[in-house]
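J.: If you want the building blocks of each chain, they are given just below.
Protein chains: 2
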Amino acid sequence: MGISAESFLSARRQATIAELMRFIEIPSVSTDPAHAQDVHQAAEFVAKRLIDAGIVDARVHPTAGHPVVTGSWRHAPGKPTILIYGHYDVQPPDPVAAWTSPPFVPVVRADRLFGRGASDDKGPMMIPIKVTEALLATEGALPVNVVFLFEGEEEVGSAHLGEFIEAQAALLAADFVLSADGAQWRADLPSVITGSRGLCALEIRLDTTGKDLHSGRHGGAIANPIQALVQLLASLHHADGSVAVAGFYDHVAEVAHGERALIAAIPFDESAYLQSVGASAADGETGYSLIERNWIRPTLEFNGIYGGYAGPGKKTVIPSHAGAKITCRLVPDQNPHTIANAIADHFRVRRTAAVRLTIDVEKGVAWPYAISPTHPGLVLAETILAEVTGKTPARVRMGATVPIGALFKRLLGINTVFFSFATADEDYHAPNEFFRLTSLDAGLTAWTRYFRALAGRSIQAV
Amino acid sequence: MGISAESFLSARRQATIAELMRFIEIPSVSTDPAHAQDVHQAAEFVAKRLIDAGIVDARVHPTAGHPVVTGSWRHAPGKPTILIYGHYDVQPPDPVAAWTSPPFVPVVRADRLFGRGASDDKGPMMIPIKVTEALLATEGALPVNVVFLFEGEEEVGSAHLGEFIEAQAALLAADFVLSADGAQWRADLPSVITGSRGLCALEIRLDTTGKDLHSGRHGGAIANPIQALVQLLASLHHADGSVAVAGFYDHVAEVAHGERALIAAIPFDESAYLQSVGASAADGETGYSLIERNWIRPTLEFNGIYGGYAGPGKKTVIPSHAGAKITCRLVPDQNPHTIANAIADHFRVRRTAAVRLTIDVEKGVAWPYAISPTHPGLVLAETILAEVTGKTPARVRMGATVPIGALFKRLLGINTVFFSFATADEDYHAPNEFFRLTSLDAGLTAWTRYFRALAGRSIQAV
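Chains A and B, in that order, give the protein sequences.
At position 232 of the first sequence (counting the first as 1) the number is 221 in our numbering, and the numbers step up by one without a gap.
At position 147 of the second sequence (counting the first as 1) the number is 136 in our numbering, and the numbers step up by one without a gap.
Isolated chain A, as found in the complex (with noise of 0.2 Å):
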């Protein structure tokens, strides 16, 4: 006699997209305190959504900065446990005049909701709330076991979510993460990530004498800085575009032949990608497809450089120092810490007498990850995606950095399956952000089908 799941959802699909907009309209900008009250709103929205769906023991836990919400339902002995994981603080709104309607008046145009948050985490992670939901109200039970666990500072580094994670260990306990966030790379291309990419900084700067000093009468008998500098910056790179710092690609770890026949298949449109930010051509170590350089091999990138005089006109001085930020974007298994090392020991081991060396190396890091592609929990999101989409997913590596995948693999041992019904077009981050009806149909489709297909898998954590 009960009613489907999926028919509960099509028929709440209405009050589904208000329960959207009124999350949308509680302005939890993280990054600004004056918003802290608005944060704390959002938590107690998603642990009132959480209970509503029949998550009893769901609550909001305060931590040093802003809450935690988690909840969970373990009443599936046998089967697999998932921890599901999303946030819902929001970027800052600005340059609010740039917005078509106000970011925190949600609206919808053209099946397009749109809104700050609106793909950027409050409507994915709505998903598996949801769809929770549909699955107790009509079946009373869930396929699998599950555990929410939703923060609000994903958008300023989630500085405290580590240490909640460490103290709540056994609450969390799961046998892989399925992520909310981590929006898909392209619309019109379905997707799963395997891996993204770390991070390490360092900034590099050379002093020679105390004040800039004129180019004529000391022109020739002291250092320039910025000759010293731009001889050890160069020499960082071989010419074929490689890091020639020793060491660097020592633990790289190799990437299957099969994945790279699969990028290369990815169909990609090389200079409208190139138009669209306003390059001429592509650039970087030879040897491997532009898509590859992003996705699978490390760089080593000049953030900024100064040193003297950068005012309109000449200033003939012999600058007093100069200095140059550095980042690397690392893959799996390099090790962040090591890498900054090696190339602060590369300008160690080239400076000249003459210049005084201050190598500045950042203590925070980020550490690059990658999930076996045979891991059962991405497999099946593969499949999934297929048959919702009609297409065949692709595999896809981050460019940038996603913290959470190597900080639930540091601190639990499991691995993360991002399974995001955002694109990367929706301009998260930017004005106008928005979310597509479709892709929140599709998402909620696509969550009912992982839950029950994965009851019927074995999961081993990998």
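Keep in mind that a hint or two might mislead.
Treat identical chains as interchangeable: a pair holds within one or across any two.
Taking lysine-lysine pairs in the DSBU-like style, the calculated list, with each CA pair at most 35 Å apart, reads [unchecked claim]:
1. LYS304 x LYS68
2. LYS398 x LYS68
3. LYS200 x LYS380
4. LYS398 x LYS304
5. LYS304 x LYS200
6. LYS352 x LYS200
7. LYS68 x LYS380
8. LYS380 x LYS398
9. LYS68 x LYS37
10. LYS398 x LYS37
11. LYS398 x LYS352
12. LYS352 x LYS37
13. LYS380 x LYS304
Everything labelled a hint here was simulated from the structure, so no lab data went into it.
Fair warning: this is a prediction, and the values are worked out from it, not measured in the lab.
With chain A fixed as given, assemble chain B onto it according to the hints.
T.: For chain B alone, kept in the frame of chain A given last:
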């Protein structure tokens, strides 16, 4: 019965100092439009001194900028003619708060006359005027022919001096220039200047994308303009510090072994020099001493570099552009235009497809200058300096640019002998500028002897 010019000068010493103090009281700051009337008043002051000295045709010439003051005495047929150069404008006094006594309230402390312009160049340029006055007053004639040329734009680049010289070539005709400007190198060592370096300037800028890009999402795909820039800039020098630009040294005039031996013989405390500028070590082209590198070797200096983020902390961007400012100090017989273009060509042939290269070669240049060490006017200056100081003068080159040497050479075809009694330690261009009264005395004696001795010499324009 008449007294000697020397006695005349001695008797009027206090009056001369008082007159110089009145001159310094006029704030003839040429760079500041608010002081335009003061600059004009200083020109009138100079013309009046010349007339009082017996130079009856002295006059103030308007130019498109500040005035030029001239005067001549050509009643020594068969004798050499010298063009006496100096300037009556001064540097701004900023920072005024750093002065012990107000910059335009001259005061004598410990045998030093303090005040803006005391050393550069009001004190030194008053010397030939007072010597002329003394000789005409006591002997009724000068031993040689003289033409005075005092400008009011030296501190702002002598923008209108060239066209004035060209227009007044007949008035200014002389065998050589004797300059009251061009401070001696050191207070402890008399010296004559045998050359100065030239200058060319250019800026290079590399553009890649329309805006800074996220280094994760795009790192590896797109050229990093700082990486391209440091590669280009690093290619400008060889490992030995010499310049790697093709043709850079092609026209560098060979320096006689004798001149290098003289330079080597100059007492010079390198560690004291390095300490004075705050440098831990000297640096530059191998195979040359510190002084040689500063005097007789050309340099290619980076004056500034910019690109990306230079604020506190890190910012994970791939910059959209990067650039650098470059100047070269050039030696005889390098052509500043040729050198700037050679550097531009160096960049053009090495640029990569992924960057858009912009090179801005500055049209304004300064030419290097050198006078033959056997020029009779120079040899005479050395002889008299040795007599007056009791020390053998050093032959020095200016690492900096002294444009008037090349200007007179180019426009009038004559050489310039620098015969200033200012010294480089007198804080001109800085607070608490001063002129040693002992230098005033030595200058009056030396210029009197110079006039007299020159009458007995044969001068050929070299």
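J.: Hint by hint, where does the structure go against what was stated? Just the numbers, ascending.
T.: 1, 12 and 13
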